[in-house]
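Q: Protein chains in written order, with the working numbering: chain A, 1 to 371; chain B, 1 to 371.
To be clear, the hints were calculated from the coordinates, so they are not data collected in a lab. Computed from a prediction, not measured in an experiment: that's the story for all the values here. Some clues are possibly wrong.
So the derived list for chain B, only partly shown, Cβ under 8 Å to chain A, looks like this [claimed, not checked]:
#: 1; residue: E201
#: 2; residue: W214
#: 3; residue: I226
#: 4; residue: N229
#: 5; residue: D271
Just so you know, even glycine gets a beta-carbon here, dropped at the ideal spot from N, CA and C.
There are 2 protein chains.
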Amino acid sequence: MNVNGRPTRTIWLAPGSTLAAPVVEIIDQTRLPHEFAIARLTGLDHAARAIRDMQVRGAPLIGAAAAYGVALAMARDASDPGLDHAVATLGATRPTAVNLTWALAEMHRALAELAPSQRLAAALDRAAAIADEDVAINRGIGDCGLPLIEAAFLAKARSGPVAVLTHCNAGWLATVDWGTALAPIYRAHDAGIPLHVWVDETRPRNQGASLTAWELGQHGVPHTVIVDNAGGHLMRRGEVDLCITGTDRTAANGDVANKIGTYLKALAAHDNTVPFYVALPSPTIDWTLENGDAIPIERRDAREVTHIAGWTEDGRRAEVRLTPAESPAANFAFDVTPARLVSALITERGVCPASRDGLLALFPEHRRRAA
Amino acid sequence: MNVNGRPTRTIWLAPGSTLAAPVVEIIDQTRLPHEFAIARLTGLDHAARAIRDMQVRGAPLIGAAAAYGVALAMARDASDPGLDHAVATLGATRPTAVNLTWALAEMHRALAELAPSQRLAAALDRAAAIADEDVAINRGIGDCGLPLIEAAFLAKARSGPVAVLTHCNAGWLATVDWGTALAPIYRAHDAGIPLHVWVDETRPRNQGASLTAWELGQHGVPHTVIVDNAGGHLMRRGEVDLCITGTDRTAANGDVANKIGTYLKALAAHDNTVPFYVALPSPTIDWTLENGDAIPIERRDAREVTHIAGWTEDGRRAEVRLTPAESPAANFAFDVTPARLVSALITERGVCPASRDGLLALFPEHRRRAA
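Please model the entire structure based on the sequences and the hints provided.
A: Have a look at this one:
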């Protein structure tokens with residue numbers, strides 16, 4: 001998507017990078033939205049730190065960054081121990097991200113049987129392919145979701161922009177490009193359909209206020225930031241035509257675990273007959289889970305609730321305390337939205353009902369395992 | 001309620017105050033939760049500034065503060081023009097608060113027919129009576145709501161604390177004492193029923209995180225601050241026994257306008273069969289409104305969404321920006337929760353269904369007007 005008018009990904013091989021001295025560049029997301037900074041990664045430690053410190057975040061992007069991290073490591077030490085060390089180091093950065101584990105296993109599989117002298121070039125190729133595959137999946141989600149937005153535009157007789165509400169950041173910053181929930185929005189915007197996006201700020205980490213608002217603004221998509229409390233009111237007043245969110249894990253029956261607060265918006269959409277769509281790349285479907293009840297909900301540091309970081313008038317990043325020092329706080333990272341509240345799932349293969357039958361119709365190769 | 005172990009109201013006549021030089025003291029709520037500061041009001045201008053700058057806030061407390069403001073004015077100039085000036089000055093501080101208008105009209109009525117020499121003493125008496133009446137109403141809400149919490153304790157077979165979720169601040173800081181939504185909680189706590197309160201932080205102004213958490217902590221009521229996004233998850237997991245909120249305006253059919261986000265919590269309570277109670281002093285019932293659709297929803301400064309104030313590690317109050325400078329924001333202050341989602345209304349006269357018949361059974365004097 002565009003940054004300062006130029007098509008940009010979240011990670012790429014630096015211009016002038018050579019096989020002798022490969023350099024990977026990333027958008028440093030810890031500096032957004034107030035500064036667009038590019039960080040250069042020249043070795044394994046850089047890549048590991050970028051993931052650990054959340055300069056890159058979002059499961060698909062973490063996977064791509066880990067793949068490039070292995071490639072950078074191969075430039076220094078392409079031996080078997082060097083490969084094992086790279087995989088172990090990167091694997092320890094964010095232990096819960098499924099894509100991280102998958103990407104590292106894939107890199108190891110692709111490199112282990114090659115001679116060390118061949119590994120660097122192969123690693124760069126495979127990392128680029130993993131990044132491109134992510135872009136292709138997300139573009140597929142955009143293609144499949146586009147008709148839903150077109151239909152909403154026709155349903156309101158082209159009387160005004162299609163009003164979309166989204167929660168958290170499931171945009172291109174969480175992936176290599178396009179995003180998941182935002183992919184249909186970018187496709188519709190690029191196709192000339194007028195849109196307006198209500199951006200939930202998404203407490204406690206405020207990924208909506210800082211990342212979604214920034215990336216929509218950079219790509220020129222009209223939007224307005226609201227507090228998480230406001231979406232129900234907007235839906236009651238008819239100011240939302242449809243909702244689209246992402247998901248961190250989808251159970252086989254269509255229940256979706258996503259950022260805390262998603263369930264409340266799904267309830268409001270249901271109460272007001274507003275379509276509630278969830279966009280997902282198929283690797284986030286957990287075919288082993290009957291339903292969402294078994295999805296473990298991460299509890300994070302209470303400090304994310306009691307304190308918040310922002311920017312002062314003179315451009316410094318500062319953190320302030322919001323609560324009494326004596327008051328405890330609790331920080332639940334995700335909630336589960338039951339499939340009955342989800343109008344449809346948008347995948348790279350198509351749109352389906354949020355149900356076991358709906359998912360299996362698009363992914364028949366899982367029929368046997370699911371039976 | 002208690003502050004540092006001592007029973008405290010939000011406004012009182014200062015110790016040593018004389019008829020010659022009356023002094024009113026208030027808790028300066030702009031310094032909470034990080035500093036418990038008492039401000040002294042010695043004249044009309046002080047009182048007007050305290051209301052305008054939100055050192056006192058909450059409709060009932062604003063009414064009491066305005067009444068005391070008239071009394072302070074009478075100490076300087078008890079003439080007819082002096083009385084009119086005081087009422088006009090205080091009336092211009094927060095034009096939308098119903099209690100402000102009511103309290104000023106009441107003070108004017110009580111004083112206008114007296115000789116100027118009698119007005120100061122009468123004004124102090126009437127202001128004290130207005131404050132005491134507020135305390136009595138809120139204590140009545142507490143008495144009427146207590147059995148609901150007792151019932152919840154029995155329903156869980158005394159197996160653990162009653163888990164209550166509340167939104168915004170409808171506590172004693174919004175009134176002279178006791179509060180509205182929190183009155184039953186304080187009554188139950190004082191009666192020895194174990195409680196735990198989930199405190200929604202209540203973006204954008206964070207009255208939950210700053211005021212509700214502080215006053216519960218001061219009175220010794222166990223509580224945990226959560227982001228507004230978390231309540232639905234907690235209800236799904238069975239971690240909430242009941243919800244209690246306040247209301248800014250109640251329509252004759254039981255629809256309630258309250259702080260933005262209340263509707264989302266009511267939806268989650270309904271979806272999980274958790275009782276959702278709304279506590280209100282009867283003056284907030286608007287018998288002229290058929291239902292909540294006609295309640296105007298205030299839109300406030302977007303800066304309350306884009307910026308947030310808190311305290312730095314070294315104890316300074318600081319404001320930081322949360323959103324990209326180019327991204328617009330919208331700030332809706334209230335939403336309307338339809339009566340169908342409200343389990344019952346708790347008033348100073350008793351508990352009733354959220355319906356026209358339910359309200360009229362408790363307030364039969366409004367039957368004719370409602371017919």
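Q: Hint by hint, say whether it matches the structure.
A: Hint check results:
no. : hint : in the structure
1   : E201 : holds (7 Å)
2   : W214 : holds (5 Å)
3   : I226 : holds (6 Å)
4   : N229 : holds (3 Å)
5   : D271 : holds (6 Å)
Checked against the numbered hints above, the structure breaks none of them.
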